[in-house]
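Protein sequences appear in the order of chains A and B. Under my numbering, the first residue of the first sequence carries the number 14, and numbering increases by one thereafter. Under my numbering, the first residue of the second sequence carries the number 2, and numbering increases by one thereafter.
Keep in mind that the hints were calculated from the coordinates and are not lab data. Note that the Cβ used here is the ideal one computed from N, Cα and C, for glycine as well. Just so you know, not all the hints are guaranteed correct.
Unchecked claim - Pairwise CB distance ranges, derived in the manner of DEER restraints:
1) 109/B - 152/A: 24 to 34 Å
2) 187/A - 278/B: 52 to 62 Å
3) 160/A - 213/B: 49 to 59 Å
4) 158/A - 106/B: 14 to 24 Å
5) 30/A - 147/B: 52 to 62 Å
6) 109/B - 140/A: 55 to 65 Å
7) 247/A - 102/B: 55 to 65 Å
8) 102/B - 44/A: 52 to 62 Å
Residue strings, one per chain:
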Amino acid sequence: MSAQAAFRGKVEARGVVAGYDTAHHVLRGVSLVAQPGRVTVVLGPNGAGKSTVLRVLSGLLPPAQGTVLLDGEDITAVPPHHRLRLGIAFLPQGRSVFPELTVHENLELGGWIFGADRARLRRALDATYGRYPQLAAWRQKLAGSLSGGQQRLVEIARLLVADPRVLLVDEPGAGLAPGIATQVYEELAALCREGRTVLLVDQNVQAALALANYVYTLESGRNQLSGTPADFDVASLVRGWLRVPAGPGGAP
Amino acid sequence: MVLLLQAVADGVLLGLLYTVMAVGLSLTLGVLGIVNVAHGTFVVLGSFFALGALRVLGWDPLVSVVAALPVFFLAGAVVDRVLIRRVARAPQLLGLLVLFGVMVAVESAAILLWTTDTRVITVPYTNRALHLGAITLSEVRLIAGGIALLLVVLLHAGLRLTRFGKAIRAMAQNRDVAMVLGIDVGWLSMVVFGLGTATAGAGGVVLGMVFPFDPQTQIQWLSWAFLVVLFGGLGGVGNTLAGGLTVGVIQALASVLLPFRYVFLVLYGLLAAILIVKGQGLAAVRTRRI
Chain A
14 MSAQAAFRGK VEARGVVAGY DTAHHVLRGV SLVAQPGRVT VVLGPNGAGK
64 STVLRVLSGL LPPAQGTVLL DGEDITAVPP HHRLRLGIAF LPQGRSVFPE
114 LTVHENLELG GWIFGADRAR LRRALDATYG RYPQLAAWRQ KLAGSLSGGQ
164 QRLVEIARLL VADPRVLLVD EPGAGLAPGI ATQVYEELAA LCREGRTVLL
214 VDQNVQAALA LANYVYTLES GRNQLSGTPA DFDVASLVRG WLRVPAGPGG
264 AP
Chain B
2 MVLLLQAVAD GVLLGLLYTV MAVGLSLTLG VLGIVNVAHG TFVVLGSFFA
52 LGALRVLGWD PLVSVVAALP VFFLAGAVVD RVLIRRVARA PQLLGLLVLF
102 GVMVAVESAA ILLWTTDTRV ITVPYTNRAL HLGAITLSEV RLIAGGIALL
152 LVVLLHAGLR LTRFGKAIRA MAQNRDVAMV LGIDVGWLSM VVFGLGTATA
202 GAGGVVLGMV FPFDPQTQIQ WLSWAFLVVL FGGLGGVGNT LAGGLTVGVI
252 QALASVLLPF RYVFLVLYGL LAAILIVKGQ GLAAVRTRRI
């Protein structure tokens, strides 16, 4: 969207230890870097800590140890409601529209950080309706009354109202029809081409790898592998997570 | 027939008072998930506020109700900052215990200060009546009901139409998402608790215009407020209004049709029936939001 998204937005986690109770940490020293203009994907089996990484980066879960950096600046202590002001937006797993608000009200809240600057909000909303014209027809509908795919579009549109440079995205295709999920992944690729940083967590290994510029895998809350998609053999990766031995002759 | 019409009119006015008294409880429960058992103490403090303002400053309760809003908003904001915030991430039971402590402390302080003597607020229009055909309406109840309706409408409009109202409703529906959109939910929670307490205080002023009170009346108002919330659910201010009017009209009709001692039996019997049908009690209303 804007020029600001072009070159900045490098997000980094360094030695992050975090969890939902002090006795049991889900992440046990995770480090990763997501670069602007690239899709960085985090993969791993259930319980590896993929979603927890995004909760730490979004500020919803303060780490017990480690740091979070944005363009080299330590933002670990920045509260979640200030992170969008820094340009970091988070699309959580599952349905996240406000179901009892209209689509337009949902989008308006996407521009909450503009405060009382109504003109700026109006411009941002016009740009959002311009980018996703189908939203105009649903403007006054309750967001909860839309289909899963339509709700996901509202969530993505709401995410973009504030024109963030970093997008943290958790399982964007989950629960959607395959055709709709493909559109969602295409849109993420387009957002990346605009120069935004996209950090994607996904169970859909094939779809995520097709989109990825760089991949991290986690296992039991620790870094496992990292590299470009070409470095990974999807079948053996998934087999490893599922503890399934290779077929005869190494065939999947 | 006239008797029934009279009862319905009385019940509607009564229901409006119950609504403004309960709407804060509904708000804090629906948005914040807090079962504010100290709500009744703020209602009674509102009545004492009106009494003190009348005696010391000569303020009519119509003035006190306006003054009560910022005073009680501030009191609620302080309770939120000092106590509620500390237990915000703890299990709901801990918050309940903290607010139970507030209830006991405030009631005890009120008894020390004002004793348990029953008080009434007497203003020039206390005993005046308005005749509309065969129906007679108490002027003080009409005024109190009118103020209550105005407050409820203002709160409803504020939640529906303003930016902050929409943010409050968003926070009620998904707190984490509200946070990552830049909404300071800690600050907004304080505002919501302040609003709940402000309406409790203002509700106390209007109830004090109509009913006698003492510090221990808070338990009665707390139970009525829960009754209204359970009848109406937490779908919004409109639900609380429906709950308040239902309780008011049922109470007024039962008073006409049955000996007084059966009124509570009818109300609580109906409540029991609703809870049996819903099956979950407060948990059932918790799933619906402002």
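Item checked: Assessment of proposed distance window 52 to 62 Å (beta carbons of residue 187/A, residue 278/B) -> violated (35 Å)
Note to self: The hint says 52 to 62 Å between residue 102/B and residue 44/A; measuring C-beta to C-beta, is that right?
What the structure shows: violated (45 Å)
Checklist line | CB-CB spacing for residue 140/A and residue 109/B relative to the 55 to 65 Å hint | finding: For residue 140/A against residue 109/B, whose Cβ atoms are near 58 Å apart, the range 55 to 65 Å holds.
Item checked: residue 213/B and residue 160/A - C-beta distance against the hinted 49 to 59 Å -> holds (57 Å)
Notebook entry, point to check: Within 14 to 24 Å or not, the Cβ separation of residue 158/A and residue 106/B?
Noted result: violated (46 Å)
Next item on the list: Please test the hint of 24 to 34 Å on the beta carbon pair from residue 109/B and residue 152/A.
Entry: violated (54 Å)
Item checked: Cβ distance range 52 to 62 Å for residue 30/A and residue 147/B, holds or violated -> holds (59 Å)
Notebook entry, point to check: Within 55 to 65 Å or not, the Cβ separation of residue 247/A and residue 102/B?
Noted result: For residue 247/A and residue 102/B the Cβ distance comes to about 57 Å; the hint holds.
Violated hints, in rising order: 1, 2, 4 and 8; the structure is consistent with all others.
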